[in-house]
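S.K.: With chain Z's structure known, arrange chain L on it following the hints.
Chain order of the listed sequences is Z and L. Its first residue numbered 1, the first sequence is counted upward by one per residue in my numbering. Its first residue numbered 1, the second sequence is counted upward by one per residue in my numbering.
For the record, the hints were derived by calculation from the structure and aren't laboratory data. Bear in mind that the values here come from a model prediction, so they are computed numbers and not experimental data. Each residue gets a CB set at the ideal place from its N, CA and C atoms; glycine is no exception. Certain hints may be false.
Residues from chain Z that face chain L, not an exhaustive set, calculated with beta carbons under 8 angstroms [as the list claims (entries may be wrong)]:
| hint | residue |
| --- | --- |
| 1 | Gly43 |
| 2 | Leu45 |
| 3 | Arg50 |
| 4 | Ser53 |
| 5 | Tyr64 |
| 6 | Gln102 |
| 7 | Val104 |
| 8 | Phe106 |
| 9 | Gly107 |
| 10 | Gly109 |
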Amino acid sequence: AQKVTQAQTEISVVEKEDVTLDCVYETRDTTYYLFWYKQPPSGELVFLIRRNSFDEQNEISGRYSWNFQKSTSSFNFTITASQVVDSAVYFCALSEATRGYQKVTFGTGTKLQVIP
Amino acid sequence: EAGVAQSPRYKIIEKRQSVAFWCNPISGHATLYWYQQILGQGPKLLIQFQNNGVVDDSQLPKDRFSAERLKGVDSTLKIQPAKLEDSAVYLCASSLRVWGAGGTDTQYFGPGTRLTVL
Numbered sequence: 001a002q003k004v005t006q007a008q009t010e011i012s013v014v015e016k017e018d019v020t021l022d023c024v025y026e027t028r029d030t031t032y033y034l035f036w037y038k039q040p041p042s043g044e045l046v047f048l049i050r051r052n053s054f055d056e057q058n059e060i061s062g063r064y065s066w067n068f069q070k071s072t073s074s075f076n077f078t079i080t081a082s083q084v085v086d087s088a089v090y091f092c093a094l095s096e097a098t099r100g101y102q103k104v105t106f107g108t109g110t111k112l113q114v115i116p
Numbered sequence: 001e002a003g004v005a006q007s008p009r010y011k012i013i014e015k016r017q018s019v020a021f022w023c024n025p026i027s028g029h030a031t032l033y034w035y036q037q038i039l040g041q042g043p044k045l046l047i048q049f050q051n052n053g054v055v056d057d058s059q060l061p062k063d064r065f066s067a068e069r070l071k072g073v074d075s076t077l078k079i080q081p082a083k084l085e086d087s088a089v090y091l092c093a094s095s096l097r098v099w100g101a102g103g104t105d106t107q108y109f110g111p112g113t114r115l116t117v118l
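This is chain Z alone, in the form it adopts within the complex (with noise of 0.2 angstroms):
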């Protein structure tokens, strides 16, 4: 069965500050995909990115950079310079699909503030 622990249930840092949150998932599928949600207070989850199971490049998005790696099956999201507007919920999410349609399991999500 498929899993993602998201450890850090939540975070403050002081703003410019970098944060990292982490990501650990469980999967027997060899083919995968990866997600990261960001959930403001209004509620709406907003897509940052998607990563396959065979591409283990790292990707910089801005101030958004992801760190996955398959060897500790972990899929890191770091923020560099934070700012008050990334006070959110942040979810990592797995997909799998190998019955024939994909099958999402989120994580519980981080809550990260970020502090003037």
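M.R.: Just chain L now, with coordinates in the frame of chain Z:
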């Protein structure tokens, strides 16, 4: 491009009453999902449609929850009768394609309906 629309945004009901939620996915998206998100938890999939057929409803409490997707577009999720533990945000999401084995697709979420059962 318009996003996923949901209504109502908020609903308060008494236990044992009935309630229905509506979702309009992004135009052209073949797959539609309903999730339940209890406060402090991640979204949990209730049901997934590909076009107007159900592909996964393994976590849907079928004794009280039902969902349909007419003509492969809009969808409604109903709870009858509601229980206190149904208090949650109900999220609708859609994705573009229908995937076979080995594929996946990004889900885009609506704003959710916050249900409070008293």
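S.K.: If a hint holds in the structure, say so; if it does not, say that too.
M.R.: The hints, checked one at a time:
1. Interface hint at glycine 43 of chain Z: satisfied, since its Cβ lies 5 angstroms from the closest Cβ of chain L, which is below the 8 angstroms cut-off.
2. Because the beta carbon of leucine 45 of chain Z sits about 4 angstroms from the nearest beta carbon in chain L, less than 8 angstroms, this interface hint is met.
3. Contact between arginine 50 of chain Z and chain L, as hinted, is supported at the beta carbon level, the nearest pair being about 5 angstroms apart and thus within 8 angstroms.
4. With a least beta-carbon distance of about 10 angstroms to chain L, the hint placing serine 53 of chain Z at the interface is violated under the 8 angstroms criterion.
5. The beta carbon of tyrosine 64 of chain Z is not positioned within 8 angstroms of any beta carbon in chain L (closest approach about 16 angstroms), and the interface hint is therefore violated.
6. Hint status for glutamine 102 of chain Z relative to chain L: holds, with the closest Cβ pair at about 5 angstroms, below 8 angstroms.
7. Against a cut-off of 8 angstroms between C-beta atoms, the interface hint on valine 104 of chain Z holds, since the closest Cβ of chain L lies about 7 angstroms away.
8. Residue-level restraint check for phenylalanine 106 of chain Z holds (minimum Cβ-Cβ distance to chain L is 3 angstroms; threshold 8 angstroms).
9. Checking glycine 107 of chain Z against chain L by beta carbon gives a least distance of about 5 angstroms; that is within 8 angstroms, so the hint holds.
10. Interface restraint check: glycine 109 of chain Z against chain L, minimum CB-CB distance 5 angstroms, threshold 8 angstroms, status holds.
Consistency with the previously given hints fails for numbers 4, 5, ordered from lowest to highest.
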